[in-house]
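In order, the protein sequences belong to chains A and B.
Residue 244 in our numbering sits at position 76 of the first sequence; the count goes up by one each step and never skips.
Residue 193 in our numbering sits at position 155 of the second sequence; the count goes up by one each step and never skips.
One or more hints might be untrue.
What the hints assert, rightly or not - If you anchor each label on the Cβ, the simulated ranges turn out as follows:
id	chain 1	residue 1	chain 2	residue 2	range
1	B	S229	A	A170	29 to 39 Å
2	A	G407	B	A225	31 to 41 Å
3	B	T53	A	D403	37 to 47 Å
4	A	G407	B	P321	44 to 54 Å
5	A	K178	B	D46	43 to 53 Å
6	B	S229	A	L195	52 to 62 Å
7	A	V392	B	P157	28 to 38 Å
8	A	R356	B	E183	44 to 54 Å
9	A	G407	B	T53	11 to 21 Å
10	A	G378	B	A166	37 to 47 Å
11	A	D403	B	I45	52 to 62 Å
12	A	T199	B	N87	34 to 44 Å
Please keep in mind that the hints were generated in silico from the structure rather than gathered at the bench.
No experiment lies behind these values; they were computed from the predicted model shown.
Where is the CB? At the ideal position from N, CA and C, for every residue including glycine.
The primary structure of each chain is shown beneath.
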Amino acid sequence: MAFGWYFQFKAISRSPFEGLFQIIWPLFFATVAFLMFRAGTDPKTLLYASLGAAVMGMWSATSTTAGGAMQRERWHGTLEALVASPPHFSLILLPITLAMSTIGIYCLVATLLFGRFVFGIDLTVEHKVAFGVSIVGTVLSFGALGFLFAVSFVRFRAAWALGNLFEYPVWLIGGFLVPLVLLPDWVRPISWVLAPTWGMNAIRESALGGTPWPDLALCLALGVAYLTLGVLALDRVLGAARKRATLSLT
Amino acid sequence: MSVVEAIDLHRTYRTSTGTIRRKWIDVEAVRGVSFAIEKGELFGLLGPNGAGKTTTIKMLITLLIPTSGTAKVLGHDVVKDAREVRKRIGYVFGGERGVYERLSGYDNLRYFAELYGVPPGEQKQRIASLLELVGLTGREQERTEGYSRGMKQRLHVARGLLHDPPVVFLDEPTIGLDPVGARELRATIASLVDAGKTVLLTTHYMFEADALCDRIAVINKGEIVAHGTPAQLKQNVAEGAVVEVEIFGIPEGTVERVRELPGVNAVSVEEREQAQVLIVQTPADIELTHAILGRLDGANVGRVSRREPTLEDAYVALVSSGE
């Protein structure tokens, strides 16, 4: 698993073009947050927005690279090689999605640093340990959600587009920039089943002096649920792909 | 017990035509293929493009589920015990795909060594000896995107042997290689059998099958049309003769017109630099050269010769018989 993560992280992070995105994205998100909330008088408002922008970056990196990574396996013809190897495919897929989330951590840190050094946003965090734990928990749950996405990418060739499709709505539904109470009532149940919503809450609560633990627990519980669903679906999905001969298609 | 056993394998693909009024079509890629490979044997599956070779091999290595029929590798069913089969086999696909291009050859091998459970303490030694075997020593730290087609192919071979599998499946491993590279790879394949491995090789190069294989099954349109040792297959056409006509710009419909001649067993065309060579198989006791020339529609004809059939002619006769 550890080598798988290292190998996939190396493979994903080797493209200079995608590397450019990793610089532009955080700058873009930090700018959006600053411009939206600079009129506020409370310095904590800017921190609130900056954290939202940082998780936006993390989410974008995870959701779009999740689709891209499986598509890359198809293009390179390596998907068949992975499926034909002995371990359960979940043990191969999980390091790939965790490698994507790791890129998400970089995006989160870079967005916060851009906010701090370009726009002068005060990054004073109230509960530092809880803040760190919340970030790690959020990353893991993002990885689990990426894993669930990747399972569908194995079966459906065009499913990479799902990653792009989910990118923007989750910014809103997850309450990254706009508080959930401002959204229509019917949206809330959708927010509740998304781990990013609770991860975002946990990160904010710990940074702004609240209680992050219930949110973090929900975030992790949803992550475990995504993983369980993914593992259960994987055997059926692989069986269907072997039946319909879609593994070698690009 | 045979090492590899295929019994009445069928595989149908579902494909569609049209966008709005979509029509589903079933294409039978493999139609009742059966064979058995014994321990230490190099078995060749020979056939033209689209004959069903890759589909058959993909069913045996667990990447495709047969529509019907059964297959076993070392006694393990390829559908029910897929994981047990995967542990015991290595496979190599021809072509350039199947490697992580942004990473080095060494990293590629290391990753698959992990996946195939090669103990960490043995990985370095194992990778080094395989790099030596396939002639990539000294190039292993370079990114594979800079590798030539032949180097990628050889990397595939190394990857397929990482866990020292007793059974190796090779799907057109020399396709697209230059003559020297192909010859070296054939020597590597021969050495696998010397090392006690059981090998299934698919190819559409007759001479390759002749040079390497203990037994050959000729597959055409999803069915095995003949099988035996190379000598037995040659015997099928030993009684015939082959007329070769060099033509500079073969007119359209020539093959069909020649095929209609009474006594003609098979007709094929081979490209040779600026000319094409029409190869016509006939019975030994019938002289058809003049009749063939009469069907060439005034084409510019070069050298004309008559010779005894080779194994390649046997193959052409077999795969042409169903047309």
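Status of each hint after checking the structure:
1. A beta carbon spacing of about 35 Å between S229(B) and A170(A) agrees with the range 29 to 39 Å that was offered as a hint.
2. At roughly 39 Å, the beta-carbon separation of G407(A) and A225(B) lies within the given 31 to 41 Å, and the hint holds.
3. At roughly 26 Å, the beta-carbon separation of T53(B) and D403(A) lies outside the given 37 to 47 Å, and the hint is violated.
4. At about 52 Å, the CB distance of G407(A) to P321(B) agrees with the hint of 44 to 54 Å.
5. For the hinted restraint 43 to 53 Å between K178(A) and D46(B), the CB-CB distance of approximately 45 Å keeps it satisfied.
6. Between S229(B) and L195(A) the C-beta distance comes to about 56 Å, which sits within the given range of 52 to 62 Å.
7. At about 31 Å, the CB distance of V392(A) to P157(B) agrees with the hint of 28 to 38 Å.
8. Between R356(A) and E183(B), the C-beta spacing of about 48 Å keeps the proposed range 44 to 54 Å intact.
9. In this structure the hint that G407(A) and T53(B) lie 11 to 21 Å apart at CB holds, the actual value being about 20 Å.
10. In this structure, G378(A) and A166(B) break the distance hint of 37 to 47 Å, their C-beta atoms being roughly 56 Å apart.
11. Checked against the hint of 52 to 62 Å, the C-beta distance between D403(A) and I45(B) comes to roughly 25 Å, which is inconsistent with it.
12. Roughly 55 Å separates the CB atoms of T199(A) and N87(B), a value that falls outside the hinted 34 to 44 Å.
In the structure shown, a violation is registered for the earlier hints numbered 3, 10, 11, 12, in ascending order.
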